[in-house]
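Keeping the supplied structure of chain A fixed, place chain B upon it in accordance with the hints.
As a plain string of letters, each chain reads:
Number of protein chains: 2
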Amino acid sequence: MSTPGITRLSLNQRTVRRWGVREAIEGCLRHGIDAIGLWREPVADLGLTVSAALIKDAALRVSSVCRGGFFAQPGWLDDNRAAIDEAATLGAPCLVLVVGGLPDGDRDLIATRAHMSDAIAALAPYAADAGVRLALEPMHPMYCADRGVLCTLGQALDVAAPHPPDSVAVMLDTFHLWWDPDVRAQIARAGRERRVAGFQVGDFLRELPADVLLGRAMMGDGVIDFGPLCGAVTAAGYTGDVEVEIFNADIWAADPNDVLAVMKERYASLIAPVLHPADRPPAR
Amino acid sequence: MSTPGITRLSLNQRTVRRWGVREAIEGCLRHGIDAIGLWREPVADLGLTVSAALIKDAALRVSSVCRGGFFAQPGWLDDNRAAIDEAATLGAPCLVLVVGGLPDGDRDLIATRAHMSDAIAALAPYAADAGVRLALEPMHPMYCADRGVLCTLGQALDVAAPHPPDSVAVMLDTFHLWWDPDVRAQIARAGRERRVAGFQVGDFLRELPADVLLGRAMMGDGVIDFGPLCGAVTAAGYTGDVEVEIFNADIWAADPNDVLAVMKERYASLIAPVLHPADRPPAR
Numbered sequence: 001m002s003t004p005g006i007t008r009l010s011l012n013q014r015t016v017r018r019w020g021v022r023e024a025i026e027g028c029l030r031h032g033i034d035a036i037g038l039w040r041e042p043v044a045d046l047g048l049t050v051s052a053a054l055i056k057d058a059a060l061r062v063s064s065v066c067r068g069g070f071f072a073q074p075g076w077l078d079d080n081r082a083a084i085d086e087a088a089t090l091g092a093p094c095l096v097l098v099v100g101g102l103p104d105g106d107r108d109l110i111a112t113r114a115h116m117s118d119a120i121a122a123l124a125p126y127a128a129d130a131g132v133r134l135a136l137e138p139m140h141p142m143y144c145a146d147r148g149v150l151c152t153l154g155q156a157l158d159v160a161a162p163h164p165p166d167s168v169a170v171m172l173d174t175f176h177l178w179w180d181p182d183v184r185a186q187i188a189r190a191g192r193e194r195r196v197a198g199f200q201v202g203d204f205l206r207e208l209p210a211d212v213l214l215g216r217a218m219m220g221d222g223v224i225d226f227g228p229l230c231g232a233v234t235a236a237g238y239t240g241d242v243e244v245e246i247f248n249a250d251i252w253a254a255d256p257n258d259v260l261a262v263m264k265e266r267y268a269s270l271i272a273p274v275l276h277p278a279d280r281p282p283a284r
Numbered sequence: 001m002s003t004p005g006i007t008r009l010s011l012n013q014r015t016v017r018r019w020g021v022r023e024a025i026e027g028c029l030r031h032g033i034d035a036i037g038l039w040r041e042p043v044a045d046l047g048l049t050v051s052a053a054l055i056k057d058a059a060l061r062v063s064s065v066c067r068g069g070f071f072a073q074p075g076w077l078d079d080n081r082a083a084i085d086e087a088a089t090l091g092a093p094c095l096v097l098v099v100g101g102l103p104d105g106d107r108d109l110i111a112t113r114a115h116m117s118d119a120i121a122a123l124a125p126y127a128a129d130a131g132v133r134l135a136l137e138p139m140h141p142m143y144c145a146d147r148g149v150l151c152t153l154g155q156a157l158d159v160a161a162p163h164p165p166d167s168v169a170v171m172l173d174t175f176h177l178w179w180d181p182d183v184r185a186q187i188a189r190a191g192r193e194r195r196v197a198g199f200q201v202g203d204f205l206r207e208l209p210a211d212v213l214l215g216r217a218m219m220g221d222g223v224i225d226f227g228p229l230c231g232a233v234t235a236a237g238y239t240g241d242v243e244v245e246i247f248n249a250d251i252w253a254a255d256p257n258d259v260l261a262v263m264k265e266r267y268a269s270l271i272a273p274v275l276h277p278a279d280r281p282p283a284r
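So the sequence lines, in the order shown, correspond to chains A and B. Just so it is clear: in the first sequence, position 196 is 196 by this note's numbering, and no numbers are missing. Just so it is clear: in the second sequence, position 282 is 282 by this note's numbering, and no numbers are missing.
Treat the hints as calculated values from the structure; they're not laboratory data. Source: prediction; values computed, not measured. We treat Cβ as the ideally placed atom computed from N, Cα and C, and that holds for glycine. Take the hints with a grain of salt, since some may be wrong.
To be verified - Derived list of chain B stretches under chain A, where covered just means 3 residues or more per stretch with a C-beta under 8 Å from a C-beta of chain A:
1. 136-143
2. 177-186
3. 224-232
4. 237-245
Claimed, not checked - Pairwise CB distance ranges, derived in the manner of DEER restraints:
5. A58(A) / D211(B): 22 to 32 Å
6. S117(A) / P103(B): 36 to 46 Å
7. A58(B) / G105(A): 49 to 59 Å
8. A268(A) / D166(B): 28 to 38 Å
9. L77(A) / A188(B): 33 to 43 Å
10. D211(B) / R18(A): 27 to 37 Å
11. G131(A) / T239(B): 53 to 63 Å
12. G105(A) / L29(B): 36 to 46 Å
13. D211(B) / D108(A): 25 to 35 Å
14. P273(B) / A161(A): 27 to 37 Å
15. L77(B) / R18(A): 48 to 58 Å
16. V50(B) / A210(A): 33 to 43 Å
Said to hold, decoys possible - Examples of chain A residues toward chain B, derived with CB under 8 Å:
17. D108
18. H140
19. A145
20. D146
21. T152
22. Q155
23. W179
24. V223
Same shape as in the complex, but just chain A (with noise of 0.2 Å):
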């Protein structure tokens, strides 16, 4: 089923956000796409069990499940762990968490980061007994007030040490990661602890728009050098799913089949060249 040079592709779903889980999964089986990433609210609407069956059917591979995470929000120990339940029952190898930005009205960053490594030792336990691995996103530092204090890579992995590698762990993705001095010297480093989890890709506006949560681009689209960046996370051992994870009001208005079309071809010109050893599927 795969296609040549797109074997590691997966397709993040929120990419192509006006389609539902059954579109999506269509939608990979007609452009050759071996890999979905999947998002809970999707999955929720066409109901858990029929998703989890369609995907088995279509002999899809589910790179991640987003997102758990938003430690500040009342709820977030029982919703983190029905998000790791579901994850599970999706056949995902790991749940990406978005870990939330500060509470309303808080300007205490120290003590929102000591809870939030506090909720994770709270639900590596149970994310280890389903099977599931954490998959801590670090998020560039212009969201650390309002969605993510988890801002570098080098402190999710500080806050991932405590735990064993198959439970706690930390997804890559290019647009939040790219401007960081220190990022390959880190991915190098979650090479040698065993700690990634996933690599998402997807670029950077060089003029953000006035959304800066919809700053992120198609390859290409931006500024951001993926050999550097490929390079390092294929020094760093990983040779799993690569997902293309974009947040873009025009990309989101597009026909998704020719967003498809697009993905793939960029994918292919300018992800997979510079993913050494040559693009294959993940062995799993």
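Using the frame of chain A, we list chain B on its own:
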């Protein structure tokens, strides 16, 4: 002349953008502010010699001159030498360097950063001869593409390391640095390495405006907890001026006298109390 509680406060003139140098000096005198951070463009508008004479007559301390840098632009070497000369004429202890982003159409962040280091090495002896410190300003990573590839305090200290601390140092700005999980350790390092050239305070808005360049706010209007940052700067041995530098459309639209009144009150209530030991004039 100085007003109790704000003896170390310096007005960065960009905060009152509608004022020229003359009006800013008069505003400082009227409001009992003893120090000012100058910008090259308004200084040139009034004339360098006249500006320097007015500053001397007013007996204001000049805390910094903004700005050199932008090393991707043609003519950067001559322009930065001119900026150093201007800072010396104005009696400024340091010239703030905004190093610039990626050149247009260029994605090579590694090469751009290498050029930045080369440019600083080229300027350092000239600055030393002029008696002006180069103050490398690490900027928030959301500006990495278009404004400053120098993104963290640790990176700035690494870039400064080959040079004498009297000629190459760093400008600390809460707006740019607050999110960094390593910031307090790096501020301590900056103190040990005698590299703190200056300190600027400004707040970070939880909801960024459409132009992220203007996402700064008066202290107290954003998410920054100034206590841990100011405490670290004081523990690092810094006893110099504390500039308020805010790029904000609402503040720029307001009456500058009102802005100064609010600035003084916020400085006295939020900054001076956490600058231990107690607020006192710089010894120079």
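A quick look at each hint next to the structure:
Counting residues of the region 136-143 of chain B whose C-beta sits closer than 8 Å to any C-beta of chain A gives 3, which meets the bar of three, so the coverage hint holds. With a cut-off of 8 Å between beta carbons, the region 177-186 of chain B has 5 residues touching chain A; three or more are needed, and the interface restraint holds. With 3 residues carrying a beta carbon less than 8 Å from a beta carbon of chain A, the region 224-232 of chain B meets the three-residue requirement, and the given coverage holds. Counting residues of the region 237-245 of chain B whose beta carbon lies closer than 8 Å to any beta carbon of chain A gives 0, which falls below the threshold of three, so the coverage claim is violated.
Roughly 44 Å separates the CB atoms of A58(A) and D211(B), a value that falls outside the hinted 22 to 32 Å. For the pair S117(A) and P103(B), the supplied restraint of 36 to 46 Å holds, since their beta-carbon distance comes to about 40 Å. Against the hinted window of 49 to 59 Å, the Cβ-Cβ separation of A58(B) and G105(A) comes to about 41 Å, which falls outside the hint. Separation of A268(A) from D166(B) is about 53 Å and departs from the stated range, judged on CB atoms against 28 to 38 Å.
Restraint check, L77(A) to A188(B): a C-beta distance of roughly 35 Å satisfies the suggested window 33 to 43 Å. Between D211(B) and R18(A) the beta carbon distance is about 29 Å. The supplied range of 27 to 37 Å therefore holds. As the Cβ distance of G131(A) to T239(B) is approximately 56 Å, the hint placing it in 53 to 63 Å holds. For G105(A) and L29(B), the hinted distance range of 36 to 46 Å is satisfied, since their beta carbons lie about 38 Å from each other.
Hint check: D211(B) to D108(A), Cβ distance near 29 Å, so the stated range 25 to 35 Å holds. Against the hinted window of 27 to 37 Å, the Cβ-Cβ separation of P273(B) and A161(A) comes to about 36 Å, which satisfies the hint. Separated by about 51 Å at the C-beta atoms, L77(B) and R18(A) satisfy the suggested range of 48 to 58 Å. V50(B) and A210(A) have their C-beta atoms about 41 Å apart, which keeps the hinted 33 to 43 Å range intact.
A hinted interface residue such as D108(A) counts as satisfied when its beta carbon comes closer than 8 Å to some beta carbon of chain B; here the least separation is about 6 Å, so the hint holds. Given hint, H140(A) at the interface with chain B, holds; its Cβ is 7 Å from that chain's nearest Cβ, closer than 8 Å. Annotation: interface hint on A145(A) holds; nearest CB of chain B at approximately 5 Å, less than 8 Å. With its C-beta approaching chain B no nearer than about 6 Å, D146(A) sits inside the 8 Å limit, and its interface hint holds.
Checking T152(A) against chain B: minimum C-beta separation of about 6 Å stays under 8 Å; hint holds. A least Cβ separation of about 4 Å between Q155(A) and chain B falls short of the 8 Å threshold, and the interface hint therefore holds. With its C-beta approaching chain B no nearer than about 4 Å, W179(A) sits inside the 8 Å limit, and its interface hint holds. The closest approach between the C-beta of V223(A) and any C-beta of chain B is roughly 5 Å, which is under the 8 Å cut-off, so the hint is satisfied.
When held up to the earlier numbered hints, the structure conflicts with 4, 5, 7, 8 and fits the remainder.
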